[in-house]
Amino acid sequence: MTTFVFRNQTVEPFLDYDGMIYSGYDDISVTHADADRYIWFYQVPVNANSVQLAEEIDSYRGKLDLVLSGIDNQKPFIVFSLVNLFPLRVTGDQTALDEAIAAFNAHVAQLSRERRNVKWVDFSEFTLRYDADMLINWKYFLMSQTLLNPKLAHDFQAWWSRIEEELSMKRKKCLVLDLDNTLWGGVLGEDGIDGIRLGGDYPGKAYTYWQRSLLQLSRHGVILAVCSKNNEADVIEAWEKNAAMVLKREHFSAVRINWKDKVTNMRELAAELNIGLDSMVFLDDSPIERELVKQMLPEVEVPDFPDKPYGLMPFFKELLEKYFRIYLVTDEDRSKTEQYQANALRQAEQSRFTDLEGYLYSLDMSLDIIPADEHNLPRIAQMTQKTNQFNLTTRRYDEAAVRQRLDDGWRIYCMSVRDRFGDSGITGTIFLEPVDDLTMHIDTLLLSCRILGRGIEEAFIKTVFNLLRLDGFRKVKAVYLPTAKNSQTADFYDRMGMTCMSVDNDGAKHYEMPLTDVFELKNYYNIRVL
Amino acid sequence: MNALEEKVLEIMRETFGVEALTTDASQKNCESWDSLRHLALASELEDAFDLELEPEEIAEMTDFSRVIAMLESKL
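Sequence lines, in order, name chains A and B.
Every number in this note's numbering is 34 more than the matching position in the first sequence, counting from 1.
Every number in this note's numbering is 23 more than the matching position in the second sequence, counting from 1.
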């Protein structure tokens, strides 16, 4: 079998040196159509510039889509999720990068639902076993572009071969559960409805977690069934009357509660549910029952059952990973009801914001107002050259001209904007020309259109007005110069409460406003003046 | 062959996947002793003998006897 590996780092020590064909680093130009299967194993590169890195990560999605569109969709395509092995927090804010990684992983999960041949592997399942300083060995990385520590190669291979086994395994559809000492602690027939261990303190609490987890499994398409030696009437009563019961009759698609042997019951369950015995997993605390099913029905998976209640949650995780995880991500025939439920939730989420303010608040916006300096001056000049739409005067300046204005005593600020989706960087500027000791004139005001529509322009100028007032200025003047492209700003100063003093023949509007009161700013902006 | 040499030979056979590897093996005459597996060898030796090899030292270990000489100088 030929495997072709798309990668952006050296991964041979982990997968295979000779048995696989590797792409160039981050090269998708060759896709090797003859391969029997494909693996996409990218790492988050090392880059202290997290914004740049986020952009790079964002580009992986498009590349992956492009590759998938050109490959036979019958061939297995395994995608590793991205894990940031070396989270550098230079600015303390890594939202853009974290979002980019999450977006890639969500995209892959989505692909695996849409395309039968795409499987995704949660790489963090491996990396989370290690301390951060174990994950990268800088010596080997710098010598060989192997970002993941090669010392972990043996561990990785063991983990990877288990994953490969899971990927090739036929998915399971149904979990068949015993009741006494399996779904709850104790024996219903002896301890009674309120005597069984469920809810409350340990050990009852362990069964509550266990039942809740199983409920999630059923909500995501795994069929739950009961196979128990009990009096059915007692069990139904327990389901109805025990207040701590999470899983009730309606959560089980089929039940066999009787005194017949479990092999017969399992066969009947398979027939009733119209599924093969080989898609069933049988859980029972009794080793005798387990052995019987194992012997008589070798197609059925029969895992050992934990002998202590506190072993239930790790056991659940094991079940999930071993039998049901692949089912969960590739499930295409999840019931319509489930899909409707999910859509309803999403709609509820969307309509959570009943007004624009709620939405703006949720964006978690940060505005930094920064005086012009040698670092941001090129960007400021560039914005005056390029910005057309939200630009009140459309005056173009080169760097030297900006520097000259600063030397002349002008005040020039720029603004950097971040929100929870990312960092937009420097996206606005204002040039203030002193007219006299008490008056400032706005020579230039502009904002990049990608940050418009969130009230940022208002927050920006009002913050500047407050600054000027604090510094003793008492009046501000401004002018709007119409162009073919800036009509959206024609009444901006009016909206900011300035008074239009005169309008020229060419449409230029002259404004004035006294700086007497402090301008209130909406509290959904986190504004810093640097 | 002393104990060190035997242990190293064993590690090299394992790392390179060459059962017939002998003490005259070198990067030149052993095809699977490529640059990546060279680093794998270094990593294995570091773990087996609990030592750290510098990149410059790793670069020098181009054949079996140089590997032995390097280890002897560090042990």
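Errors might be hidden in some of the hints.
Straight-line Cα separation of at most 20 Å, DMTMM-like style, residue types lysine to aspartate or glutamate; simulated pairs [to be verified]:
no., chain 1, residue 1, chain 2, residue 2
1, A, Lys173, B, Glu42
2, A, Lys511, B, Glu80
3, A, Lys511, B, Asp57
4, B, Lys30, B, Glu69
5, A, Lys519, B, Asp70
6, A, Lys239, B, Glu79
7, A, Lys420, B, Asp70
8, A, Lys351, A, Glu159
9, A, Lys185, B, Glu79
10, A, Lys173, B, Glu80
11, B, Lys51, B, Asp86
12, A, Lys185, B, Asp47
13, A, Lys185, B, Asp57
14, A, Lys173, B, Glu67
15, B, Lys51, A, Glu159
16, A, Lys185, B, Glu67
17, A, Lys275, B, Asp47
18, A, Lys275, B, Glu75
19, A, Lys519, B, Glu83
20, A, Lys556, A, Glu492
21, A, Lys519, B, Glu67
22, A, Lys420, B, Glu33
23, A, Lys185, B, Glu33
24, A, Lys173, B, Glu33
25, A, Lys173, B, Asp73
26, A, Lys511, B, Glu75
Keep in mind that the hints were calculated from the coordinates and are not lab data.
Evaluated hints:
Taking the CA atoms of Lys173 (chain A) and Glu42 (chain B), the gap is near 29 Å; set against the 20 Å cutoff, the hint is violated. Taking the CA atoms of Lys511 (chain A) and Glu80 (chain B), the gap is near 71 Å; set against the 20 Å cutoff, the hint is violated. About 72 Å separates the Cα atoms of Lys511 (chain A) and Asp57 (chain B), which puts this hinted pair outside 20 Å; it is violated. A distance of roughly 13 Å separates the Cα atoms of Lys30 (chain B) and Glu69 (chain B); the hinted pair therefore holds under the 20 Å criterion.
For the proposed pair Lys519 (chain A) and Asp70 (chain B), the alpha carbon gap of about 67 Å is over 20 Å, so the pair is violated. Straight-line distance between C-alpha atoms of Lys239 (chain A) and Glu79 (chain B) comes to about 58 Å, which puts the hinted pair past the 20 Å bound. Between Lys420 (chain A) and Asp70 (chain B) the alpha-carbon distance is near 58 Å, which puts this suggested pair outside the 20 Å criterion. For the given pair, Lys351 (chain A) sits about 12 Å from Glu159 (chain A) by alpha-carbon distance, which is consistent with the 20 Å threshold.
Distance hint between Lys185 (chain A) and Glu79 (chain B) is fulfilled; the C-alpha atoms sit about 19 Å from each other, no more than 20 Å. Straight-line distance between C-alpha atoms of Lys173 (chain A) and Glu80 (chain B) comes to about 12 Å, which keeps the hinted pair within the 20 Å bound. A threshold of 20 Å between alpha carbons decides the hint, and for Lys51 (chain B) with Asp86 (chain B) the separation of about 8 Å falls inside it, so the pair holds. Among the hinted pairs, Lys185 (chain A) with Asp47 (chain B) is inconsistent with the structure: their alpha-carbon atoms are about 27 Å apart, more than 20 Å.
Restraint check: the Cα-Cα separation between Lys185 (chain A) and Asp57 (chain B) comes to about 18 Å, which is no more than 20 Å; the hinted pair holds. With a C-alpha separation of about 14 Å, the suggested pairing of Lys173 (chain A) with Glu67 (chain B) holds against the 20 Å cut-off. Taking the CA atoms of Lys51 (chain B) and Glu159 (chain A), the gap is about 39 Å. The hint is violated against a cut of 20 Å. For the hint pairing Lys185 (chain A) with Glu67 (chain B), the CA-to-CA distance comes to about 8 Å; that is within 20 Å, so the pair holds.
Restraint check for Lys275 (chain A) and Asp47 (chain B): the C-alpha separation of about 79 Å exceeds 20 Å, so the hint is violated. For the proposed pair Lys275 (chain A) and Glu75 (chain B), the alpha carbon gap of about 66 Å is over 20 Å, so the pair is violated. Annotation: proposed proximity of Lys519 (chain A) to Glu83 (chain B) is violated, straight-line Cα distance about 66 Å (limit 20 Å). The hinted pair formed by Lys556 (chain A) and Glu492 (chain A) meets the criterion: a straight-line CA distance of about 10 Å does not exceed 20 Å.
Distance hint between Lys519 (chain A) and Glu67 (chain B) is unfulfilled; the C-alpha atoms sit about 66 Å from each other, more than 20 Å. As the CA atoms of Lys420 (chain A) and Glu33 (chain B) are separated by approximately 66 Å, the hinted pair breaks the 20 Å bound. Pair hint Lys185 (chain A) plus Glu33 (chain B) holds up; C-alpha atoms about 18 Å apart against a cutoff of 20 Å. Restraint check: the Cα-Cα separation between Lys173 (chain A) and Glu33 (chain B) comes to about 24 Å, which exceeds 20 Å; the hinted pair is violated.
Taking the CA atoms of Lys173 (chain A) and Asp73 (chain B), the gap is about 16 Å. The hint holds against a cut of 20 Å. Annotation: proposed proximity of Lys511 (chain A) to Glu75 (chain B) is violated, straight-line Cα distance about 69 Å (limit 20 Å).
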